[in-house]
Structures are given as C-alpha cells and as structure tokens.
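For the record, the sequence lines run as chains E and X. Quick note: the first sequence uses the working numbering, first residue 1, plus one each step. Quick note: the second sequence uses the working numbering, first residue 117, plus one each step.
Treat the hints loosely; a few may be bogus.
Unchecked claim - DEER-style ranges, computed between Cβ atoms:
(1) 168/X - 54/E: 44 to 52 Å
(2) 20/E - 198/X: 35 to 43 Å
(3) 155/X - 60/E: 40 to 48 Å
Unchecked claim - Take a look, some chain X residues computed to stay more than 12 Å from chain E by CB distance:
(4) 133
(5) 142
(6) 149
(7) 153
(8) 155
(9) 157
(10) 163
(11) 181
(12) 183
(13) 189
(14) 196
(15) 202
(16) 204
(17) 210
(18) 222
(19) 225
Simulated from the structure, these hints should not be mistaken for laboratory data. These numbers come from a predicted model, not from an experiment. All residues carry an ideal CB built from backbone N, CA and C; glycine is no exception.
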Amino acid sequence: AQKITQTQPGMFVQEKEAVTLDCTYDTSDPSYGLFWYKQPSSGEMIFLIYQGSYDQQNATEGRYSLNFQKARKSANLVISASQLGDSAMYFCAMREGYQAGTALIFGKGTTLSVSS
Amino acid sequence: NAGVTQTPKFQVLKTGQSMTLQCAQDMNHEYMSWYRQDPGMGLRLIHYSVGAGITDQGEVPNGYNVSRSTTEDFPLRLLSAAPSQTSVYFCASSPGDRVARGYGYTFGSGTRLTVV
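Please put together the full structure from these sequences, using the hints given.
Here it is in structure tokens:
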C-alpha cells in the first residue's frame with residue numbers, strides 16, 4: 001500500500017485564488033513528520049512547510065498552510081493568493097520516526113498551473 | 117554556503133557503460149541519501165547512509181552501488197548502465213540528531229541521466 005497518496009495529478013487555479021493540494025498518508029508510527037516540497041520547471045526541490053505528528057497547531061509559512069487532520073491521516077497544502085510563480089510540481093513526503101536521519105517517502109506529486 | 121553539490125548536471129551514457137554520480141555536502145550532515153525521479157512516480161529512495169562507513173538499500177537499489185568513506189561524500193555508481201536507469205537523480209542530506217525539522221533535509225540540484 002502506498003504510504004503517501006496524492007490523488008490530484010493536476011490542478012488549475014487563477015491568480016489570487018486559494019488552492020488546496022491533497023495528501024493522505026499511512027503509517028502506524030505515532031511519531032512522524034510531514035513535508036511539502038515545490039519543484040519548479042528548473043528542477044530543484046524547494047522545502048515549503050513541515051508538520052510534526054505531535055504539533056498541536058497547523059503549520060503556516062507565509063502563503064502556505066498545512067491543513068493537518070490527524071484522525072483522517074491527511075495533510076493538505078493550502079496556498080493562499082496564488083501567484084504565477086506558484087506553477088510547479090508539488091510533492092508531499094513523510095518521515096516515519098522522529099530522527100532527522102531517516103529517509104523521506106514521497107508521493108507522486110501534483111502539478112499546479114496558475115493562470116492570469 | 118555550497119550545501120549539497122551534485123555533479124554532473126547532465127550525462128548521456130551508452131548501454132553497458134559505467135559512471136559515478138558525485139554528491140558532496142559541506143554541512144557536516146551525518147545522513148545522506150540518493151533518490152531517482154521518474155515521471156508519475158515521485159522520488160524513490162535508492163540507497164542511503166547514516167554515517168561514514170555505513171550504507172543501506174532503499175526501495176530501488178538494483179543496478180546501483182554506493183560507498184561512504186567520508187562524511188562529506190556519497191557517490192552513486194552505475195556499474196553497467198541500462199535504459200531503465202534513465203532518470204533524474206537527487207542527492208539529499210540531513211543532520212543525524214533529533215532536531216527533526218523540515219529544513220533539515222537539503223537537496224542537491226539533481227543530475228539528469230540518459231542511457232541510450
């Protein structure tokens with residue numbers, strides 16, 4: 001079974017609108033971390049936001065927020081006020097266990113296209 | 117301020133040729149890993165290392181070898197390249213301690229490999 005599922009291959013949004021990218025995860029470890037990365041067409045992996053399994057509040061970083069619903073095992077990324085530069089591939093990833101030296105498990109990604 | 121450096125950025129190989137993808141980090145990170153990215157597949161873990169002299173296999177290790185003789189370097193070797201190894205390869209590193217925040221994972225800029 002997939003540990004990270006991103007069900008939206010592609011999403012389209014207009015500038016200044018908000019968009020939600022879905023991510024569900026599967027783990028039996030009570031300690032885990034959830035990450036979102038952005039990959040623009042240039043190819044680099046850019047870290048956006050992180051949520052720990054014991055964090056009480058949803059993570060926020062500027063225009064990015066993570067809608068963390070632990071019971072549903074979902075960690076959706078919300079981008080407010082979309083910009084043309086947000087057009088990219090977005091990956092959800094999970095680290096099982098709470099040590100930094102553990103591999104990330106990635107979803108297959110969602111391509112976001114922002115139009116003017 | 118180099119972070120994780122991958123070389124080369126692009127490479128074309130003929131089937132059966134061997135080559136080494138280089139990865140070096142200057143952050144004294146204990147953990148290093150190699151991923152491959154294929155269309156529609158996300159990033160999949162090839163090999164990883166939790167410290168000098170210690171390596172282990174990830175999800176897709178076949179056809180690849182690694183070694184970790186120093187903390188800084190983690191080369192990935194293709195002994196006999198096959199067209200199925202055409203992919204984009206990413207190296208990543210993180211600290212080995214329990215400061216497990218999202219910024220702990222640093223990715224290189226990737227190597228685009230084509231095997232013909």
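Tested hints:
no. : hint                     : in the structure
1   : 168/X - 54/E: 44 to 52 Å : violated, 31 Å
2   : 20/E - 198/X: 35 to 43 Å : holds, 40 Å
3   : 155/X - 60/E: 40 to 48 Å : violated, 31 Å
4   : 133                      : holds, 24 Å
5   : 142                      : holds, 17 Å
6   : 149                      : violated, 6 Å
7   : 153                      : violated, 8 Å
8   : 155                      : violated, 10 Å
9   : 157                      : violated, 6 Å
10  : 163                      : violated, 10 Å
11  : 181                      : holds, 18 Å
12  : 183                      : holds, 18 Å
13  : 189                      : holds, 17 Å
14  : 196                      : holds, 26 Å
15  : 202                      : holds, 15 Å
16  : 204                      : violated, 7 Å
17  : 210                      : violated, 5 Å
18  : 222                      : violated, 8 Å
19  : 225                      : violated, 5 Å
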